[in-house]
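Residue numbers (the numbering used here), protein chains in the order written: chain A, 1 to 115; chain B, 1001 to 1108.
No lab work stands behind these hints: they were computed from the structure.
Please note that a few of the clues may not be correct.
To be verified - Straight-line Cα separation of at most 25 Å, SDA-like style, residue types lysine to any residue; simulated pairs: (1) B:K1057 with B:K1081; (2) B:K1100 with A:L39; (3) A:K71 with A:L39; (4) B:K1100 with A:L61; (5) B:K1100 with A:S62; (6) B:K1100 with A:E44; (7) B:K1057 with A:P96.
To be verified - On the chain B side, residues computed to face chain A include the following (Cβ under 10 Å): (8) T1013; (9) I1017; (10) C1088.
C-beta atoms are modelled at their ideal positions from N, C-alpha and C, and glycine is treated no differently.
Here are the chains, one letter per residue:
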Amino acid sequence: DTGVSQDPRHKITKRGQNVTFRCDPISEHNRLYWYRQTLGQGPEFLTYFQNEAQLEKSRLLSDRFSAERPKGSFSTLEIQRTEQGDSAMYLCASSPGPTWVTEAFFGQGTRLTVV
Amino acid sequence: GQNIDQPTEMTATEGAIVQINCTYQTSGFNGLFWYQQHAGEAPTFLSYNVLDGLEEKGRFSSFLSRSKGYSYLLLKELQMKDSASYLCARGGNTPLVFGKGTRLSVIA
């Protein structure tokens, strides 16, 4: 297994367009997380999945954001009607569970630029 | 990030030792993690502490005091490649909550 992979690595979109990002976690990991990171800040939690169930969503995740993990494997994060403030690095991470005292492994991220 | 505080920037000399401090909110605490992040790259796991004391992994060590809500990351024999951001993250009964990171510059 080559670790967590994200696609695309970079995305430039016009304001108002919809974008979708994909994350493939480490295969035996049942927890998957989405974080957002802006320049000079640490990763901010957006949402996470335990298998296919979305168990927690941050207040940062407005109704323009939706995430899915339909079969408990890969996940997608969609942003509708993008705004310039959505420009950030979107990081996906996975961990084996079931306890919380285990490190999360991050993908390389998708850098979104909204123009 | 939920009252996780760490210095914004630090500078240290190649070959020296540097200590990066982190304080965090103690309620619901379940573990303290340190990640390294080079510019434009993903965070990579360095260490975690669940119990009080020092955990050593080569040139890197991490310390935890649960009663004080305090941790530090100690980097010894600094190398230029250690220039990066170091993220303190608090584990609880929720996904990791990260601090803003400490940008470390190692100079010759």
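Each hint tested on the structure:
1. B:K1057 with B:K1081: holds (17 Å)
2. B:K1100 with A:L39: Within the cut-off at roughly 10 Å; holds.
3. A:K71 with A:L39: violated (33 Å)
4. B:K1100 with A:L61: Given that 25 Å is the threshold and the Cα spacing comes to 19 Å, the pair holds.
5. B:K1100 with A:S62: The hint holds at about 22 Å.
6. B:K1100 with A:E44: holds (9 Å)
7. B:K1057 with A:P96: holds (22 Å)
8. T1013: It is violated, given that the least Cβ distance between B:T1013 and chain A is near 24 Å, above 10 Å.
9. I1017: At about 24 Å, which exceeds the 10 Å cut-off, the nearest Cβ of chain A leaves the hint on B:I1017 violated.
10. C1088: At about 8 Å, which falls below the 10 Å cut-off, the nearest Cβ of chain A leaves the hint on B:C1088 intact, so it holds.
Comparing the model with each numbered hint stated earlier shows that hints 3, 8, 9 do not hold.
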